[in-house]
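Asker: One-letter residues, chain by chain:
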Amino acid sequence: MVVPLISIILLAPLAAFTIFALFGLAKRSFPRQDILSTAAMLVALGCSLYLLNETSDPKPLTVEWLSLGSITLSMGFYLDSVTVIMLIVVTLVSSLVHIFSIGYMHGDPRYPRFFAFLSLFSFSMLFLVVSDNLLGIYIGWELVGLCSYLLIGFWFEKDSAANACKKAFLTTRVGDVGMFIGMMMLFKQFDTLSLYGTDGIFEAVRTLEAGQIAWLSAAGILIFCGAVGKSAQVPLHTWLPDAMEGPTPVSALIHAATMVAAGVYLVARMFPILTPSSSLVIAYVGGITAIVAATIAIVRFDIKRVLAYSTVSQLGFMMLALGAGSYVAGLFHLTTHAFFKALLFLGSGSVIHAFHAMHAHHDEEHADDNEDEHDNHSLVHEHGSEIPPDQDMRNMGGLRRKMPFTFFTMLIATLSISGVPFVFSGFWSKDAILGGVLERAMGWNSVHHYILFGVVLLAAGITAFYMFRLIFMTFFGEPRNQEMHDMAHESPWVMVVPLLILAALSLPVVNKWWFKEGYINKPYQAHVHEPTHAQLRPDSKTGDTNFGFSNFGISEAEAAEEEGGHDTEHADDAHHGHGPAHTIAMVLSIIVAGLGILLSWLFYHKRRFTAESVATTFRPVYTLFWNKYYFDEFYNGVLVALTVWKSRLFAKFDLSIIDGIVNGVATITRAIFAAFIGFFDNRVIDGIVNRVAKVIWSVGGRVRRIQTGAIQTYLFVVLGGIVLIILIFRVL
Amino acid sequence: MSLQHYLVISSILFTLGIFAVLTRKNAISILMGIELILNSCNLNFVAFSRFVEPAKNIVGRDDYLLDGQIIAIFGIVLAAAEAAVFLAIILAIYREFGSIRPDEVDTLKG
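These protein sequences, in sequence, are chains A and B. If you want our numbering, it's the position in the first sequence, counting the first as 1, plus 4. If you want our numbering, it's the position in the second sequence, counting the first as 1, plus 2.
Hints were generated in silico from the structure; no laboratory data involved. Among the hints, erroneous ones may be present.
[Claimed, not checked] Below, in silico cross-link-like pairs of lysine to any residue (SDA-like), each with a Cα-Cα straight-line distance of 20 angstroms or less: (1) B:K27 <-> A:I715; (2) B:K27 <-> A:V721; (3) B:K27 <-> B:T109; (4) B:K27 <-> A:Y718; (5) B:K27 <-> A:K406; (6) A:K406 <-> A:I715.
[Claimed, not checked] Beyond 10 angstroms from chain A on every Cβ pair, some chain B residues (computed): (7) L24; (8) T25; (9) A81.
[Claimed, not checked] Computed beta-carbon distance windows for the label pairs: (10) A:R695 <-> B:L24: 28 to 34 angstroms; (11) B:P56 <-> A:F720: 27 to 33 angstroms; (12) A:I732 <-> B:L24: 45 to 51 angstroms; (13) B:A82 <-> A:R695: 25 to 31 angstroms; (14) B:A82 <-> A:V735: 39 to 45 angstroms; (15) A:I732 <-> B:S4: 25 to 31 angstroms; (16) A:G704 <-> B:D69: 48 to 54 angstroms.
None of the values given here were measured: they were computed from a predicted structure. Cβ coordinates follow ideal geometry from the N, Cα and C atoms, glycine included.
Based on the provided sequences and hints, a complete structural model is requested.
Answerer: Structure below.
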């Protein structure tokens, strides 16, 4: 039952894409590609939901794919609770984005193609999720990268979109090279790319000797490089904000909810091979990403870029959680983030849609400006100064009366991401991360993790600040641009309904049931020696629950009952629930979130302080944030310039030396060899041919006179011949 | 009348026919020459057949061979058919070229 269901989940979107590929181009306006794609996703969603309780057999299917001598590569499905949760998240968000796009993309000249690409993306992502081996994951990984490229560059007439998709593709490729090297290291060592089972990598890792741990750490970090690229971690995060050039539903699906979360999923999948040192690298990269992206987000004015940097920052949170060993917390945040960030993006899409008429108008005005930018071949797109008017928050304000549904749903998402306590899912997942990091710090007495906790706490506060800045600038206050405000309108129902569904999903009541006790278990890490529960917390037996969800219906008794069922030694960190670390973390996170929201309110609603005066006071810091820590400038100035310089050098080498040699050889050949050959050809070969032709010509000229064309002449000759023959016979 | 009489007549007819075919410029005249040749041949067949010694059959009576006469009839039929085809071709040529002189019909001449 499981295998056919997974097959349907994979094949439905693939079929939708294939139908487009086969018939869509032949018939220019293929009928209802949107309905086809959406229906395929809904079918996949139904099957995913059905799989929720079907995780008893983790390896339902494995087939031999390729045999090379003694090595066999296999392909197959792996199905555990994490897979199922990812399947549901991907299919659910994808379905809602499909529905939203029916409204948002309406009237686009490449409307059917958009849905076909979304289907292809969904297939690739689902394939990545269900693969049981690194090769399958890698195939899905590259396919989602391709779809990301296609969809960022969907409006490829715009130079900025064309540059952004190139940038996204190349930047992630940098990480993918690292990932591939890591995969090959594992393959060299274990002769397999299969992860699970008795001959899988995870089983083999257990038996590694202590001397090989450094090697394993290197492999882990290299594989993490892939996740750095895909999940836009520092220093490869620069592509994600530029990827906002794509249509907004794409930003919601690919660059907020699913593809960028694939990096987190990969790290979670590879959890058993992570050693303490590679975990620490992951934690630091995640922590730095969280704080860097959050600070950049404060000063952006483009609504989508704020959300993009927010996404980068939240992905940093997840990486940090996984690096700090909070396996469940990381995946939990992945899930909640997928819903509320998709909601935020779709909400911003709704706002942009409201200004769409203006957009067309402004495009005409700026047509001349764009002409001037054509000679800018720089790979890194500069975007700080040129925000499309319909995405500029400085043009918004007071929209809450115009767009009540959009406002209401985005407010819920903002409260969720800011970590407003108890009723919003973001609070629980963020608190699980903070608690997990602090617990690691206290349990292991690790200075690293105290630092990381401080960083991530600050990032959480900043998150609350910039998200409420977005809400206040967009929806509160007086309209700043009356002309645009007058044109704004609430979006059609086909766009509002997905917003409402996602808003419901941002409440913990909906999320909690798949995070019930023991549904996800942290995998065993062979080379990480966790402090025992006794060391950690003497009263470990009594406090176990899941993120304090007991408030919402799961009783302590129920939790304790399930607790007995599995090995407490390797039980999940999140089950430590109400330990001192988690209480401290919860209190601190509520305080920083409150402070962030309060400051935002004072700045952007009450106007007690103005952002401009603060920016003037801290000019160097502001400049640093405004210029995004000069990452783009660094890449442009160093890497791109270096590549161009190197290319010029090689071009010069080619032109002068290689071409010189070739031309020299050519000259010598022409002068000596070719001259002789030419003489021979002209005189001897041509001479013979011409003579033969001349002889044939003259003989033919004579012979053709016999053939007069007059039948009577022929007849006369024949008659003469006969008379001659008769005479000859007579004589003889 | 001996065989020679027939053969002389036949030779005269044949020579007249050949002369017409070789010298006439008009296709109809050529056709008439061909008819003369054919008829001289027919005359030869019939004459030779008439003067062949008859064989004796099993009851001892003369058994005349009529092969020559039959071939002559075939020849007449053939001449009629040939004349029909020839006239049809000439008609077509006349329509196409406006002339029935064979030396003027020289489209294939290089």
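Asker: Decide, hint by hint, whether the structure agrees.
Answerer: Structure-based check of all given hints:
no. : hint                                 : verdict
1   : B:K27 <-> A:I715                     : holds (11 angstroms)
2   : B:K27 <-> A:V721                     : holds (17 angstroms)
3   : B:K27 <-> B:T109                     : holds (17 angstroms)
4   : B:K27 <-> A:Y718                     : holds (14 angstroms)
5   : B:K27 <-> A:K406                     : violated (106 angstroms)
6   : A:K406 <-> A:I715                    : violated (103 angstroms)
7   : L24                                  : violated (5 angstroms)
8   : T25                                  : violated (8 angstroms)
9   : A81                                  : holds (18 angstroms)
10  : A:R695 <-> B:L24: 28 to 34 angstroms : violated (42 angstroms)
11  : B:P56 <-> A:F720: 27 to 33 angstroms : violated (41 angstroms)
12  : A:I732 <-> B:L24: 45 to 51 angstroms : violated (22 angstroms)
13  : B:A82 <-> A:R695: 25 to 31 angstroms : violated (58 angstroms)
14  : B:A82 <-> A:V735: 39 to 45 angstroms : holds (40 angstroms)
15  : A:I732 <-> B:S4: 25 to 31 angstroms  : holds (30 angstroms)
16  : A:G704 <-> B:D69: 48 to 54 angstroms : holds (49 angstroms)
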